[in-house]
Amino acid sequence: MKRILILLLISMAFHHVTKAAILDSLYLIKESVTYNATTFYKGALSDSLQPIQYDNAVLTVQGSSNDSIVIMNMDTIDYELYLNTDNNQTWTITAEDTLTIELPLLDWGTHAILSTTTEGKLLGTACILQVDLQADHIYSWDQWDMNNVLSQEIAAGTEISIPATYRPNVFTINADPLAPMDTSNALIHGYVGDTILISVLNSGNMVHNIHFHGYHCTILGASKQSDRVGWSKDSFPVMIGETMTLRLVPDQPGVYPVHNHNLATLLYNNNYPSGMMTMIKIYE
Amino acid sequence: MMRNKLIIIFSILLTSNSFSQVQEIDLVSRMDGSKTLIDGTVIEFWGYGEDDPNLNNDKIFIPGPVLRFNVGDTVIINLTNDSPEDHTIHWHGLDVDQANDGVPSTTDAVGSFGGEFTYTFVCKEPGTYLYHCHVLTTLHLAMGMYGSFIIDPEAEDQIYENSGKFTKEYNYLFSEMNTSWNLNPLSPGQFYLYEADYAMVNGWAGSEIEDKNQSIEGTINDSIGMRLANVGYGRVETIFPNDLEVSVYGSDGREVAEYTADTIQLYPGERFGVVGYPQTAIDDSIEVNYYDLRNENLLYTNYIPVSIIDDTGLETFSSNKLSIYPNPFREEIVIDKVKKRGSASITDLNGKIVWDGTLEEGENKVRLNLDQGVYVLTYQSQQYKLIKH
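So the protein sequences, as listed, match chains C and F.
So in the working numbering, the last spot in the first sequence is 1258, and the numbers never skip.
So in the working numbering, the last spot in the second sequence is 440, and the numbers never skip.
In case anyone wonders, no lab produced these hints; they're calculated from the structure.
Keep in mind the model is a prediction, meaning the values are calculated, not measured.
Cβ atoms here follow ideal geometry from the backbone N, Cα and C, with glycine treated the same way.
Each hint should be verified, as a subset may be incorrect.
A few chain F residues that face chain C, going by a derived Cβ cut-off under 10 angstroms, partial list only [said to hold, decoys possible]:
# : residue
1 : L145
2 : D159
3 : A160
4 : S163
5 : G165
6 : N281
7 : G285
Cut-off 25 angstroms, straight-line C-alpha distance, at most; resulting in silico cross-link-like pairs (SDA-like, lysine to any residue) [unchecked claim]:
#  : chain 1 : residue 1 : chain 2 : residue 2
8  : C       : K1198     : F       : D343
9  : F       : K175      : C       : I1193
10 : F       : K175      : C       : R1202
11 : C       : K1198     : F       : K439
12 : F       : K175      : C       : V1229
13 : F       : K439      : C       : T1139
14 : C       : K1198     : F       : E309
15 : F       : K175      : C       : V1203
16 : C       : K1198     : F       : Y342
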């Protein structure tokens, strides 16, 4: 009887592994980051601890399979996670524990795993899921905002919400407050006529928006603005917790900025241009 | 400069088809504008004007002049910078090439004290666009360096090639101002502390909107074309009168599948093209609310009066709308254009009366010692939103 039970457990474990391929192992972190002498706390579902990657992971997902993600909680608090396109999909990961989460079957487009736990929600802990995207180039932009002093209070647990007097001074794309620089992974490269897909997530605490120079893009998916799917736009909002999928087919070469048109977000340490601006570089 | 201009024009003429035209205008950028706000405060602004001796030579306006062309036109815009700082013009939404994009890091800034630059591009898609300076944009745009750019389609009296026709047309550019920057532009402080505390429709606020002929007037047989654009840093909400059925035909210079809307939300840099169809006579207004994106606080409200006459039965009336300013207010509010003496009250959002009294015909000044928030003035069955800062 004992032998049968062991075989049954092995069989169940084997069945579990074959059913759900593990996409990646991610680290749930809450770390202080220093750019140009200003320090702020950032939460992330990170790909790497050595060196620490502060930007959220971007995973390629096949919508037709129940893929899994292993998450190692490196923090000393429990976290609640959820799928932004299906609030019924939630997971709890206890402090300093490891959890394998199985994704449901997902529709084509961009989804995200976000956190309802105060620290994760306010500090931008997330993971972008790109489901069945196919194009010449696929990129992602994760917009996040914070006040650097407030972030330290949130990380310490002394502040648990965004105050009415919220005045963010840190604006990032892919966790980088210096996104216009050539070192940023937010930069987009391509050739005239290429199809470029861009996944967008607003993991921040206020509505952001995007303005393209040089081109209009087509909104292929928007988790909170379904009425705008199919629109060709150069300026549009990204709601809090929203994921969008944009298609850009450049018809001219050149180097063009793309940025938030709330121009108070194009700053870091009062230097312009910084913050929520990056560049599109299109070659002939 | 002149030789380069001739080469550009000659090249365009060689490549243009018979329908397109070459249009050339001269603009000037300056940093010495002065404007009196509705509360009497005099602020400094920077902006654009037409560099033409016959047209307010060298004067700048907030917003800058409306630039309007036909689809297919090739435009040549000569900018002369008569100011002590560099400027550019970015053609927002027009998808021009890099050389004409007006971004200092990818092209060139137009140098101070007489610098010149010629922008040349083709107007490709009908619709509503913006133009603004892209040098230290956070400050320069907030100081007033912006305007509207319109491309008309080949189809007459339409905003797009495939949209409803209008018999009356109005263009509304919504913008805002952090007046402390305009009072002291050389020391604006930390940019992230930008606080919009004044908001405008085509550069006007409060009662100025009616006084400066920005009101919508027509008959129930009219169709009201409206171009709506937000160049501010927050969300603008336009709430249309109940009896004005509004169809949305496009946004950002591109057509969308037509839909009806009683409210349109415009986020920074967005534009919409709509046509309003009056269902009855209307004596009301379009409520324009300006919100702070950081906390969704309501910052300011303007009203665009709408007066639609039912001329089928020859019934006419004059507007009974009050003019209220400043709104938001601090201690005193002016309730103007009262047509007839009558009682009025002000309540908070819980319905508690915080003031009641009699409004005399004409102008009334009311001092209010209230907490910060939103209140409602009721007079002759009409309600007006008041914002206390």
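**Request:** Find the hints from earlier in the document that the structure breaks and name them by number, from lowest to highest.
**Result:** 2, 3, 4, 5, 11
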